[in-house]
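The primary structure of each chain is shown beneath.
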Amino acid sequence: MRELALHILDIAENSIAAEATRIRIAIEEDLQKDLLKIDIEDNGKGMDPETVAKVTDPFVTSRTTRKVGLGIPFFKAAAEACEGSLTIHSQSGKGTTVRVIFRHSHIDRMPLGDLVGTLMTLIIGTPEINWIFEHRVNDREFLFDDDPIKKTLDGVPLSEPAVMQYIRETLQAGMADVRQTTTPVSEK
Amino acid sequence: MSTVKSLDDLKKIREEALKKQQLKETSGKKEVIVGMGTVGIAAGARETLKAILETIEKDNLSDIVVRQTGNIGLDSFEPIVQVVLPGEEKVTYGRVTPEIARQIMAEHVVGGKIVEAYKIEG
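Protein chains in written order, with our numbering: chain L, 6 to 193; chain G, 126 to 247.
One should not assume that every hint holds.
Stated by the list, open to error - Coverage of chain G stretches by chain L, computed from C-beta distances (three or more under 8 Å per stretch; other residues unrestricted): (1) 133-143; (2) 211-221.
Claimed, not checked - If you anchor each label on the Cβ, the simulated ranges turn out as follows: (3) G:Ser131 to L:Glu146: 37 to 47 Å; (4) L:Ala86 to G:Lys144: 37 to 47 Å; (5) G:Lys130 to L:Asp35: 36 to 46 Å; (6) L:Ala178 to G:Asn185: 20 to 30 Å; (7) G:Asp133 to L:Gln177: 24 to 34 Å; (8) L:Asn143 to G:Lys215: 26 to 36 Å; (9) G:Gly195 to L:Asp159: 24 to 34 Å; (10) G:Lys215 to L:Glu133: 38 to 48 Å; (11) G:Lys215 to L:Arg27: 21 to 31 Å; (12) L:Asp182 to G:Ala231: 27 to 37 Å.
No wet-lab data here; the hints were simulated from the structure. Built from N, CA and C at the ideal position, the CB exists for glycine as well.
Could you put together the complete structure from these sequences and hints?
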């Protein structure tokens, strides 16, 4: 996987498998500190410390018993190759937060990739989950919560073409706006 | 640059969708499921699902429920797409590229005819 957005999708799938009803994906780009931080936070069933240790180590995890993806060790290795880290905070019955940090300017850092594609997959494909997305770039932010959308729709499905278009355009516009800050003023 | 629509715009979209629903006496929802486990994602399942969503948007197809699910358990056939039409057996397709997904949408989901070439297991 050569896109952070694909890894985010993979981690979010673990949250879905953990029976979460609310999943928050937060991306923070701090160019001053040269950091890229990704949080995937859920209110699923959580893991005990032993399981947390297992899912981060590809050599301990057995293919047949594993319930969470083999994607975590790959994501961890990718972060560590960019002077970053992947940490899991989890509590049985409470939920799990996966935090991944990269050095923003590191030459080996994968691009964020198709975040809209990842979010559309999650939002449209699992409508029973409340999806929250936050993207911060320096002092700009884009906040998205699909709960008001679902309340407004009041039973009309998310896979209705005009609704999908509405969500897609909202995400695209929000992300384009938050990224405006990345262009230095001198390049105008 | 498109302007961000408000929730009021969404309310209008909702009214339109409800009108459309009343016009059509639907015999039930069509369901399209895409396997989104780690293997599926690595094999391109997100692009496959994206092609399905784009088809729905472009061709203005209502009454199709798109779902993504974890590992379906047929790793070597990823990306996997399953189609369930009302009153019919579930059909499983393997190695579904975005192109094949568009074909399945047109021929099976809309046209009602199974695309035998990409069907797997039974």
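Tested hints:
Interface restraint, the segment 133-143 of chain G with chain L: holds (8 residues with C-beta to C-beta distance below 8 Å; minimum three). For the segment 211-221 of chain G, the stated coverage by chain L is not satisfied: 0 residues place a CB nearer than 8 Å to a CB of that chain, which falls below the threshold of 3. Checked against the given bound of 37 to 47 Å, the beta carbons of serine 131 (chain G) and glutamate 146 (chain L), roughly 19 Å apart, lie outside it. The supplied range of 37 to 47 Å is broken by alanine 86 (chain L) and lysine 144 (chain G), whose beta-carbon atoms lie about 54 Å from each other.
A C-beta distance of roughly 30 Å is found between lysine 130 (chain G) and aspartate 35 (chain L), which places it outside the suggested range of 36 to 46 Å. For alanine 178 (chain L) paired with asparagine 185 (chain G), a C-beta distance near 22 Å keeps the hint of 20 to 30 Å intact. Range check, aspartate 133 (chain G) to glutamine 177 (chain L): Cβ separation about 19 Å, and the 24 to 34 Å hint is violated. Between asparagine 143 (chain L) and lysine 215 (chain G) the Cβ separation comes to about 48 Å, which falls outside the hinted range of 26 to 36 Å.
In this structure the hint that glycine 195 (chain G) and aspartate 159 (chain L) lie 24 to 34 Å apart at CB holds, the actual value being about 29 Å. Checked against the hint of 38 to 48 Å, the pair lysine 215 (chain G) and glutamate 133 (chain L) fails, with Cβ atoms roughly 20 Å apart. The given range of 21 to 31 Å is respected by lysine 215 (chain G) and arginine 27 (chain L), whose C-beta atoms sit roughly 30 Å from each other. One distance hint, 27 to 37 Å for the beta-carbon pair aspartate 182 (chain L) and alanine 231 (chain G), holds here, with the actual separation near 35 Å.
Consistency note: the structure conflicts with the earlier hints numbered 2, 3, 4, 5, 7, 8, 10.
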